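Make one complex out of these two single chains by using the hints.
Line by line, the protein sequences are chains A and B.
For the first sequence, our numbering begins at 5 and goes up steadily by one.
For the second sequence, our numbering begins at 252 and goes up steadily by one.
These are computed hints drawn from the structure, not numbers from a lab.
These numbers were taken from a predicted model, which means no experiment stands behind them.
All residues carry an ideal CB built from backbone N, CA and C; glycine is no exception.
Treat the hints with care, as some may be off.
[Unchecked claim] Okay, the calculated beta carbon distance ranges per label pair: (1) Pro687(B) x Gln56(A): 24 to 32 Å; (2) Gly88(A) x Gly481(B): 53 to 61 Å; (3) Pro574(B) x Thr35(A): 51 to 59 Å; (4) Pro687(B) x Pro14(A): 36 to 44 Å; (5) Lys597(B) x Glu83(A): 45 to 53 Å; (6) Glu102(A) x Gly481(B): 52 to 60 Å; (7) Val57(A) x Pro574(B): 39 to 47 Å; (8) Ile104(A) x Leu474(B): 45 to 53 Å; (9) Gln56(A) x Ala312(B): 48 to 56 Å; (10) Phe40(A) x Pro669(B): 23 to 31 Å; (11) Phe40(A) x Val525(B): 22 to 30 Å; (12) Gln56(A) x Lys597(B): 14 to 22 Å.
[Claimed, not checked] Straight-line distance between alpha carbons at most 20 Å, and here's what the computed EDC-like set of lysine to aspartate or glutamate pairs gives: (13) Lys476(B) x Glu54(A); (14) Lys599(B) x Glu54(A); (15) Lys6(A) x Asp75(A).
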Amino acid sequence: MKKIEAIIKPFTLDDVKVALNEIGVTGMTVTEVKGFGRQRGHTEIYRGAEYQVDFSPKVKIEIVIDADNLDKAISVIREKALTGKIGDGKIFVSSVEEAIRIRTGETGKVAI
Amino acid sequence: MKRRTLFYLMICLLTGNALTAWAADAPATPESNMAAIELVQTHANYLWTLVAAAMVFFMQAGFAMVEAGFTRAKNSVNIMMKNLMDFSMGTLAFWAIGFGIMFGVSKTGWFGTSGFFLSDFTPDGDPWVLAFWMFQVVFCATAATIVSGAMAERTKFIGYICYSIVLSAIIYPVFGSWAWGSLFNGSGWLEGLGFIDFAGSTVVHSVGGWAALAGTLVLGPRLGKYGKDGSIKPILGHNIPLAALGVFILWLGWFGFNPGSTTTADTSIAMIFVNTNLAAAAGAVLAMLVSWMKFGKPEASMSLNGALAGLVGITAGCANVSPGSAILIGAIAGVIVVFSVLFFDKIKVDDPVGAVSVHGVCGAWGTLAAGIFNMGGTTAGIIGVQLLGIAACFVWTFATAFVLFKIVDLTIGLRVTPEEEVEGLDFIEHGGNAYPDFATSAYSQQ
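So that you can see chain B by itself, here it is in the shape it has in the complex (with noise of 0.2 Å):
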């Protein structure tokens, strides 16, 4: 106690400032302090937002890991560069282009228009952009990599590349615009509608699902998978608990795309928190129980895929549905996915990972579901804008998808030849192997 008043004593005489300048404040209050509480919650707000930033884009490892796994050794390596491209490529086109189209001003609620190449960020001037910019480039990144592993095994790497930038630069930010521009400079029809999409679920998930869906169809199955009778083939994933590890790391990740989206450093983040953990251990359950009385046994695949289409589902309405809504939504999400995943199958749409069915099926139920558990009560008002939002993100995404993977297509070309196919993408694209010390595996698919 002693040292400490002395040491104070010495404080006060070093820097010339009299005890009876101390003594003369009035006491703090939180008015008084007015300035310095806001610097601290602004700090808070940018340190969160900042750590969600950096959690989302762990996902893109999640992605990978989820993709690889499901799909055979001779591809890996095609897998990783799609993966690292997709978030380098959709980082600059997001940079130059996507962030100035969803979050300019937007005089028709459409597009923005301004703000490009990050022209909103002075040296002097408010660094809150750079925050903001950061947080929505890595949920950019994640709508343009969840088409990787719907379009995998077959699609021709440059072909990707095309794709890639244009989805991050104008389909992914146009809808974008529509449902989330007011978060900063724009202003979109959708969103004036009363849309609810808090973190995404139609805005990153349907997006990524719906360009997916497009993909896979102007693609065409992978050879093998369809026998001439129509007969389903499995195509085996090489390496389940390396797609486990991506469910996982999707899992931790959702911990910052959910609650990160408040930008906000406050209490609100612990309900989304819960909500999001409830509704992919949901997912997870119910879908494992579905694939165990379907199909005999708790089948591995469609479980994991069931944790995603629960983190899918709550997605859209985890900061104003309920815990036990979210449970449920959660567990709707995981008898959807399992449904949806064999019904694609059927029809001959040839998606190695699920992901037009997570991402796209269950972006949509999601969607739906921020609607009817809305904590604050529905109406057909709330339910229709919900629909309305979702037959938007499906006609704006699929059709220009359809259009873009076509042109792509007809020009240089979307899908490898069946000898670099049978041979494998690592190969033949980029000249490696994912795995040289191991055999080639003798179960063939033709």
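Okay, chain A solo, but in the shape it has when bound (with noise of 0.2 Å):
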């Protein structure tokens, strides 16, 4: 099992989200998150003063997969959250030790 923590434009989610359904993909955690990369942050104006906005709101979705999926999932992410722009986010893979489905107890893949 695997864990992959994409990190994208929030624009982006619902296409991805439904490309990773049409893929299997039946679950996902999301959160909205700020932060920076090679994008870094902008400037905004207030009351004739600058300032500078350092974290970026993105959004993050956290789903643990089959390994067997990792690759179709990984390239599903990054066709739908691609604009070509900076920002685009990222894509973190982590390897899952145990999954649990708390109602039934069940565990390993038919978990997730």
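Here it is as structure tokens:
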């Protein structure tokens, strides 16, 4: 089992969700996050004074999937979250030791 | 037709009123109906004055929304409480003391000495004093509440309440008696010289603005507003739509504030209405254009301040300048307000909502403009009296308010502790939270 944490532009979330659903990803956790990478922040103006906004709003998707589906999921996220402009985000992959469905107590792949 | 005749006949028979009596009456003329006409006019005056008073009262909501929108969420409950209490405390103070000082019989021209506790009203006497008092008390509350925004986010609640009572009972009424006393039983020295301030650019707005300046100077800036190197760090308002709603409410309320100041239902209110609207629109447009040129974007909070600047600017001259002049007065106010906000920011007068610039500075401009653009022509004498009124207002209000805030500061305290300021006044002062379901913003000013 693998966990994908993808940090993407908020407006791409819907397309990513639909596409992941289509390849059989049946659940996900989404968080509104703020951060910066190469995009850095930008300056805004309030009552004549400039200020730096360091953290841009992003959406973080977390999904846990069967390792066999990993490549497909990554390519789907990349395809749907891509605008080609700076700030498209990142995908992090890690291994997951165990998954347990609270209601039934099932474990492993059937629980994800 | 038949039915109506029958009905009339029945009425005549029932009341025993012979038709001959009706036939014998001379045709009605305005002269013969004078008493009835005057009664209708009197009723219309009451109605217009009280409807306008209700509109001016609603401006309290406008001030509350502007101030809350331009400040941080953690102080919103405090802003609401200050706005509620400066109207409520101010109403009682104006009833007990302020009205008598402002409109009581004035032997010296400096303050009135009768009519305290609304004693001019007797149950079988003329109730006009009640309608007039109602219209005046909402004006007094407007002056008081202007200060709340400038002192936002760092003022101790109890200290603010003390200020609010003294302003409503003494500071506002004394100046008011100089300029407006003769609207009731008083007679002020300034109005005796021919001072023009129809609806209160100086009497209401500059008094509020200069008191706000004194308050911010005694308080000092909010924590984090200025860097150690003196750089200006903007502290963002938490809800610009709320501030915009407040401005629209104030704009609406001003249609009671200026045209209502006739306290007479006559045709003159049409031009006052139009002047008020034109000046507000010109102020908003010019403030937007200036912010666009200076900052590269049409900045929202400055444009909103611009509308208010136009409204404050036209308040003095709304009844004695032409609609064309009203546009010019509002436009200039819109330019002034942007530069004034930047100026006060630079000299470290931290005014989160721009109250000193909108009400103090543009109030002074409006008062001068009422003399310059007077439809009956202007003279050096008229301008001189306008300048004298502007200066008298500044000296009286700034001095008394500064001393008042100093006394409050040295006795019960005017500013909350740095810990309280960081935590937010809502929790520390009122034990509450305006938006308990929202997480705290990650954006820090420290």
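How the hints compare with the structure:
1. Between proline 687(B) and glutamine 56(A) the beta carbons are some 30 Å apart, a value that agrees with the proposed interval 24 to 32 Å.
2. Taking 53 to 61 Å as the suggested C-beta distance range, the pair glycine 88(A) and glycine 481(B) does not conform, at roughly 42 Å.
3. At about 56 Å, the beta-carbon gap between proline 574(B) and threonine 35(A) stays in the expected band of 51 to 59 Å.
4. Judged by the Cβ atoms, the range 36 to 44 Å given for proline 687(B) and proline 14(A) is violated: they are separated by roughly 25 Å.
5. At roughly 51 Å, the beta carbons of lysine 597(B) and glutamate 83(A) sit within the given window of 45 to 53 Å.
6. Checked against the hint of 52 to 60 Å, the C-beta distance between glutamate 102(A) and glycine 481(B) comes to roughly 57 Å, which is consistent with it.
7. Separated by about 43 Å at the C-beta atoms, valine 57(A) and proline 574(B) satisfy the suggested range of 39 to 47 Å.
8. The given range of 45 to 53 Å is respected by isoleucine 104(A) and leucine 474(B), whose C-beta atoms sit roughly 48 Å from each other.
9. Glutamine 56(A) and alanine 312(B) have their C-beta atoms about 35 Å apart, which leaves the hinted 48 to 56 Å range violated.
10. Between phenylalanine 40(A) and proline 669(B), the C-beta spacing of about 29 Å keeps the proposed range 23 to 31 Å intact.
11. Range check, phenylalanine 40(A) to valine 525(B): Cβ separation about 51 Å, and the 22 to 30 Å hint is violated.
12. A C-beta distance of roughly 20 Å is found between glutamine 56(A) and lysine 597(B), which places it inside the suggested range of 14 to 22 Å.
13. Taking the CA atoms of lysine 476(B) and glutamate 54(A), the gap is near 13 Å; set against the 20 Å cutoff, the hint holds.
14. Distance restraint check for lysine 599(B) and glutamate 54(A): the Cα-Cα separation of roughly 16 Å lies within the 20 Å cut-off, and the hinted pair is therefore satisfied.
15. This hinted pair checks out: lysine 6(A) and aspartate 75(A) have alpha carbons roughly 11 Å apart, not beyond 20 Å.
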